[in-house]
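**Student:** My request is simple: use the sequences and hints to build the entire structure.
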Amino acid sequence: MPPGGSAALAEGLRRVAGGERAALAEVYRATSTKLFGVCLRILPDRGDAEDALQETYLNVWRNAGRFDEARGSAIAWLVAVARNRSIDRLRGRKRIANEPLALADDVPEPSEGADLVAERTQENDRLRTCLDTVGRLEAAMIQAAFFEGSTYSELAERAATPLGTVKSRVRRALLKLRECLQP
Amino acid sequence: MTDRENDIVVAGEYALGLLEGEERQAAENRLASEPAFAADVGAWTRDLAPLLAAGNAQPSETVWDRIESRLAANDDTPASSRDARLGRWRAAAGAASAIAASLALVLLSRGPAPAPQTAPAPQAQPAPTMVASLEDEERGSAVAISVEDRGRGLVVVPVRLLTQTRSAELWVIPSDGTPRSLGVIDNAAPSRVDIAPRHREHLRAGATLAISLEPAGGSPTGSPTGPIAASGKINLL
Chain A
7 MPPGGSAALA EGLRRVAGGE RAALAEVYRA TSTKLFGVCL RILPDRGDAE
57 DALQETYLNV WRNAGRFDEA RGSAIAWLVA VARNRSIDRL RGRKRIANEP
107 LALADDVPEP SEGADLVAER TQENDRLRTC LDTVGRLEAA MIQAAFFEGS
157 TYSELAERAA TPLGTVKSRV RRALLKLREC LQP
Chain B
584 MTDRENDIVV AGEYALGLLE GEERQAAENR LASEPAFAAD VGAWTRDLAP
634 LLAAGNAQPS ETVWDRIESR LAANDDTPAS SRDARLGRWR AAAGAASAIA
684 ASLALVLLSR GPAPAPQTAP APQAQPAPTM VASLEDEERG SAVAISVEDR
734 GRGLVVVPVR LLTQTRSAEL WVIPSDGTPR SLGVIDNAAP SRVDIAPRHR
784 EHLRAGATLA ISLEPAGGSP TGSPTGPIAA SGKINLL
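Protein sequences, first through last, are from chains A and B. Position 134 (the first sequence) corresponds to 140 in my numbering; numbering is contiguous. Position 184 (the second sequence) corresponds to 767 in my numbering; numbering is contiguous.
The reader is advised that the hints may include incorrect statements.
Unchecked claim - Computed cross-link-like contacts, SDA-like style, restricted to lysine to any residue with a CA-CA straight-line distance of at most 20 angstroms: (1) Lys182(A) - Thr139(A); (2) Lys40(A) - Gln641(B); (3) Lys173(A) - Glu611(B); (4) Lys182(A) - Met584(B); (5) Lys182(A) - Ala626(B); (6) Lys173(A) - Glu605(B); (7) Lys173(A) - Arg607(B); (8) Lys182(A) - Asp590(B); (9) Lys40(A) - Arg649(B); (10) Lys40(A) - Arg629(B); (11) Lys40(A) - Thr645(B); (12) Lys40(A) - Asn639(B); (13) Lys182(A) - Glu588(B); (14) Lys182(A) - Thr585(B); (15) Lys40(A) - Ala14(A); (16) Lys173(A) - Gly604(B).
These are computed hints drawn from the structure, not numbers from a lab.
**Tutor:** Below you can see the structure in the form of C-alpha cells.
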C-alpha cells in the first residue's frame with residue numbers, strides 16, 4: 007500500500023458509508039487483488055473465490071458504516087469481511103469441514119502457486135512463530151477455525167476429543183498467543 | 584484465569600468464530616455495547632489477519648461489473664425487512680407514477696395547443712427509476728417521492744405530512760453529510776419540485792432525502808433548523 011494508503015482507505019470507507027459509489031470503486035481498485043488473495047486462500051476454486059469477492063464488496067457497501075478506525079485498520083477490517091464471506095461460501099459448499107484435524111508442524115503454505123505470489127511479512131513471521139509456541143493440536147485447531155470456520159463443537163468432533171477439553175486447550179492457547187503477540 | 588484474561592480469550596474465540604448459540608450471542612451483545620471488548624476483538628482481527636497475507640491475485644474484470652450491477656440502496660437493514668421495505672417503495676413508486684401521469688394529463692389539457700407533430704426524438708437509454716419513501720414512525724409521516732427526468736425534478740406525494748403553522752422544507756443529504764435545500768413543499772397535495780442544476784447530481788441512489796419543519800417560508804439560515812418530519816434514502820427500483 008502506498009504511503010498514507012491506510013488513512014486514504016479509511017477515508018474511502020467513510021465515503022462508502024455515505025453511499026458514494028465512486029468511493030467503493032476506489033476501495034475496490036486499491037484492495038481487490040489483496041482481498042482476492044484472501045478469498046483464494048480459503049476457496050481454492052477461482053469461481054468460488056470470485057463469488058466470495060463479489061459478496062465481500064457488496065457487504066462493504068452495505069456495512070461500511072460499521073468500520074471503526076479506533077478498533078483497527080481499514081485493511082484488517084476488509085480482510086476480516088473477505089474471510090467471513092469466504093467461510094460462509096465454503097460452509098455452504100462443502101457443508102461443514104469434518105475431516106480429522108491435520109497436525110501440521112507449521113502453518114500450511116498456500117497450496118495454489120499459480121495465482122498467489124507469496125508475501126512474507128514481519129507480522130506474518132511473528133504470528134507463525136507465536137503459533138509454534140501454543141502446541142501442535144492447539145495451533146491446528148486455531149487454524150481450522152480461522153481457515154475453515156470450524157466451531158468448538160466441530161473441532162471436538164474432528165479431534166475426537168471431548169468438547170470441554172477442546173475448549174480449555176484452545177482457551178489456554180489463545181491466552182498464550184496473545185501474550186506472545188503483545189509488542 | 585483473571586477476568587481480564589477471560590475477556591481477551593472470549594474476544595479471540597469470537598474473532599475466530601469458535602462460539603455458537605448463546606455464547607456467540609452474548610459476545611455479539613458485548614461487541615455492540617462494550618468498547619473495550621470491541622477493541623479486544625479488533626486486536627485479534629488485526630493480529631490474525633497476517634495468516635491471510637497469502638499474496639495478491641488478480642480477479643477477472645467481470646467481478647467489478649457484477650458488483651456494480653448489484654449496488655442498490657446503501658441500506659444495512661437485514662434482508663428480510665429490506666424486502667418488506669422494497670415492497671413499500673414499489674407501492675410508493677406506483678402511486679407516484681400514477682400521480683405523475685395524472686399531472687401530465689392535467690398539464691397537457693391546460694397547456695397551449697400542441698406544436699405540430701414532430702418525429703419523436705430517438706430514445707436514449709431509459710433513465711433508472713429512483714424513488715424514496717420518507718417516513719417517520721413516531722409522527723406517522725409518509726411521503727413518496729420519485730425522481731423524474733434524471734434529477735431535473737421530483738414528484739412529491741405527501742401521503743401524510745402534518746404541519747400546523749410551519750413550512751415543510753425538503754433537503755437532499757448526499758454522502759458529504761451536508762443538507763442542500765430543495766425548497767419548501769406542499770404538505771397537503773402532490774406537487775412537482777424543479778431541481779436546480781447544481782443539485783441534480785446529488786439525487787442518486789443512496790442519498791438521503793429529508794423533510795424538516797421550518798418557519799413559514801423555509802429555513803432562514805440555509806440549513807435545517809427545525810425537527811425532521813420524515814426521511815428516507817433514494818433507491819433504485
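**Student:** Take the hints in turn and mark each one as holding or not.
**Tutor:** Tested hints:
no., hint, in the structure
1, Lys182(A) - Thr139(A), "8 angstroms, holds"
2, Lys40(A) - Gln641(B), "8 angstroms, holds"
3, Lys173(A) - Glu611(B), "19 angstroms, holds"
4, Lys182(A) - Met584(B), "12 angstroms, holds"
5, Lys182(A) - Ala626(B), "15 angstroms, holds"
6, Lys173(A) - Glu605(B), "15 angstroms, holds"
7, Lys173(A) - Arg607(B), "14 angstroms, holds"
8, Lys182(A) - Asp590(B), "14 angstroms, holds"
9, Lys40(A) - Arg649(B), "18 angstroms, holds"
10, Lys40(A) - Arg629(B), "15 angstroms, holds"
11, Lys40(A) - Thr645(B), "17 angstroms, holds"
12, Lys40(A) - Asn639(B), "5 angstroms, holds"
13, Lys182(A) - Glu588(B), "10 angstroms, holds"
14, Lys182(A) - Thr585(B), "14 angstroms, holds"
15, Lys40(A) - Ala14(A), "16 angstroms, holds"
16, Lys173(A) - Gly604(B), "15 angstroms, holds"
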